[in-house]
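Chemist: Here is what each chain is made of, one letter per residue.
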Amino acid sequence: MNKQRKFSIFRYNPNTPEIKPFMQEYVLEEVPGMTIFVALNKIREDLDPSLMFDFVCRAAICGSCAMVINGKPRLACKTLTSDLKGTITLMPLPVFRLIGDLSVDTGTWFRQLSLKTEAWIHSEKKFDPEAVEDRMDNRIALEIYEAERCIECGCCIAGCVTANIREDFLGAAGINRVARFMVDPRDERTPKQYFDVIGSDEGAFGCMGLMACDDNCPMQLPLQSQLAFVRRKMLAYGLWGK
Amino acid sequence: MQAHKLVTRNPRAELYYDLVELLTGVMLVGFLWTHMIFVATILLGIDVFDALSRALDDYYLSYTGIPIIILVFIMHVLTAGRRIPTRYQEQKVIWRHAKMLGGTDTWIWVFQVITGAAIFALASIHMWTVITGWPIRAVTSADRMHAFWWFYLVLLLLGEYHAGFGIYRQFVKWGWFPRKPLGYVTKMITAIILTLGLAALWVMYKLGGAV
Chain A
603 MNKQRKFSIF RYNPNTPEIK PFMQEYVLEE VPGMTIFVAL NKIREDLDPS
653 LMFDFVCRAA ICGSCAMVIN GKPRLACKTL TSDLKGTITL MPLPVFRLIG
703 DLSVDTGTWF RQLSLKTEAW IHSEKKFDPE AVEDRMDNRI ALEIYEAERC
753 IECGCCIAGC VTANIREDFL GAAGINRVAR FMVDPRDERT PKQYFDVIGS
803 DEGAFGCMGL MACDDNCPMQ LPLQSQLAFV RRKMLAYGLW GK
Chain B
271 MQAHKLVTRN PRAELYYDLV ELLTGVMLVG FLWTHMIFVA TILLGIDVFD
321 ALSRALDDYY LSYTGIPIII LVFIMHVLTA GRRIPTRYQE QKVIWRHAKM
371 LGGTDTWIWV FQVITGAAIF ALASIHMWTV ITGWPIRAVT SADRMHAFWW
421 FYLVLLLLGE YHAGFGIYRQ FVKWGWFPRK PLGYVTKMIT AIILTLGLAA
471 LWVMYKLGGA V
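Top to bottom, those sequences are chains A and B.
With the first sequence counted from 1, adding 602 to any position gets you the working numbering.
With the second sequence counted from 1, adding 270 to any position gets you the working numbering.
A short list of chain B residues far from chain A (calculated; beta carbon distances all over 12 Å):
hint: 1; residue: A310
hint: 2; residue: A393
hint: 3; residue: I406
hint: 4; residue: L477
List time: in silico SDA-like cross-link candidates among lysine to any residue, alpha-carbon distance up to 25 Å:
hint: 5; chain 1: A; residue 1: K794; chain 2: B; residue 2: W446
hint: 6; chain 1: A; residue 1: K718; chain 2: A; residue 2: R699
hint: 7; chain 1: A; residue 1: K608; chain 2: A; residue 2: P651
hint: 8; chain 1: B; residue 1: K369; chain 2: A; residue 2: L682
hint: 9; chain 1: B; residue 1: K369; chain 2: A; residue 2: P623
hint: 10; chain 1: B; residue 1: K362; chain 2: A; residue 2: E804
hint: 11; chain 1: B; residue 1: K362; chain 2: A; residue 2: S610
hint: 12; chain 1: B; residue 1: K369; chain 2: A; residue 2: M693
hint: 13; chain 1: A; residue 1: K687; chain 2: A; residue 2: S610
hint: 14; chain 1: A; residue 1: K844; chain 2: A; residue 2: F783
hint: 15; chain 1: B; residue 1: K369; chain 2: A; residue 2: D770
hint: 16; chain 1: B; residue 1: K362; chain 2: A; residue 2: N672
hint: 17; chain 1: A; residue 1: K680; chain 2: A; residue 2: R613
hint: 18; chain 1: A; residue 1: K622; chain 2: B; residue 2: E360
hint: 19; chain 1: A; residue 1: K622; chain 2: B; residue 2: Y358
hint: 20; chain 1: B; residue 1: K369; chain 2: A; residue 2: I690
hint: 21; chain 1: A; residue 1: K844; chain 2: B; residue 2: L289
hint: 22; chain 1: B; residue 1: K457; chain 2: B; residue 2: V296
hint: 23; chain 1: A; residue 1: K674; chain 2: A; residue 2: F612
hint: 24; chain 1: A; residue 1: K844; chain 2: B; residue 2: G445
hint: 25; chain 1: A; residue 1: K794; chain 2: B; residue 2: Q272
hint: 26; chain 1: B; residue 1: K369; chain 2: B; residue 2: K450
hint: 27; chain 1: B; residue 1: K369; chain 2: A; residue 2: M810
hint: 28; chain 1: B; residue 1: K369; chain 2: A; residue 2: G688
hint: 29; chain 1: A; residue 1: K844; chain 2: B; residue 2: W446
hint: 30; chain 1: B; residue 1: K275; chain 2: A; residue 2: E804
hint: 31; chain 1: A; residue 1: K794; chain 2: A; residue 2: H724
hint: 32; chain 1: A; residue 1: K794; chain 2: B; residue 2: R282
hint: 33; chain 1: A; residue 1: K718; chain 2: B; residue 2: R353
hint: 34; chain 1: A; residue 1: K622; chain 2: A; residue 2: M654
hint: 35; chain 1: A; residue 1: K605; chain 2: A; residue 2: N643
hint: 36; chain 1: A; residue 1: K622; chain 2: A; residue 2: M693
hint: 37; chain 1: A; residue 1: K674; chain 2: A; residue 2: E627
hint: 38; chain 1: A; residue 1: K844; chain 2: B; residue 2: Y286
hint: 39; chain 1: A; residue 1: K687; chain 2: A; residue 2: D650
hint: 40; chain 1: A; residue 1: K794; chain 2: B; residue 2: A283
In case anyone wonders, no lab produced these hints; they're calculated from the structure.
We treat Cβ as the ideally placed atom computed from N, Cα and C, and that holds for glycine.
I would like the entire structure built from these sequences, with the hints used as guidance.
Modeler: Structure (structure tokens):
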């Protein structure tokens, strides 16, 4: 006989605002290797078809199933119930628009981020499909790849105090994204162009260094060093113009 | 963008704010640690303490240093204080968030704000009493600390906490060192200075109240 696990799950549907947010309890048999994602599907199938939550890939690639698990922003598909003690409390990520229960809209937020940081390679070069690709230094390629591992799950944003009280703050995901283009030799943006985007409290200087992003990133991105890298770059341009 | 905002906009303003917060913070930490070492000269005897105080006066270090520190103190309050959430909902969000997350660094920051506000009040009182009771001599300081030891104990603890974690946070933000060893080093320095401060406070307490 497997252990019974108790879940306490945040319930709220914006379409029925007369029902105030509340915590609902479910009890489930824990099976070996059970993740929060598996448990939620089981609850929806067997106990409550009205429960709302997001998932796509089940393999920590898509970033859809991020939620607050026992107080910490985590991916449901990457969190084993056996690693958690006692009642498992599930809340939706803060900062993002609540769709209902555990489901939030991270897409709109991240699209805004992409537009604001112009998260694409800025180049005047004419593209020649016949030409051999430019070679890239392996060290730089790895640096870019490291930043690109971000799956945009929103855990860093949800954990961030500043992002929770400042709507315009780009957070670690945004600053990491800019850092990615800063090291890319194909991007022809000048330091001034970067400064205009993140040389303010909306970007680099809004960070208070509480490092909840770094502590809670499910992909273990080096967010502290990325944030510091961008902050130092902004200082270099702001004071010495380079 | 509206006209006033368009005309007054300085794209570097927030960089400068951040730098002033950093520099004034580092200066205040440096000052606090030096100050505590100076006060701890009482451990070497009344004569050493008074000689140091006289020397600082003779070379005009007190007269130039104190006004500068007051200015730096005010600038630090203004620049670091700009981050303090003052609205009701922001306050509720911060407390709820800190409790939910249980992150050490987030809680440390909440206390950083509280200790900062408390230091603003207590350090102002301290500066006022010291300046109005000029010059600094072991006897007068000892009497003060004998009577108000609880005030100085609180101020010492708050000051060291705020300074230790403040400098840690700046290093984390600018990324000069990795986080874990950095926390260890700042805690060690804080422990040393705190021990010195407590020892000095104890000696002063014993010395004072003789009359």
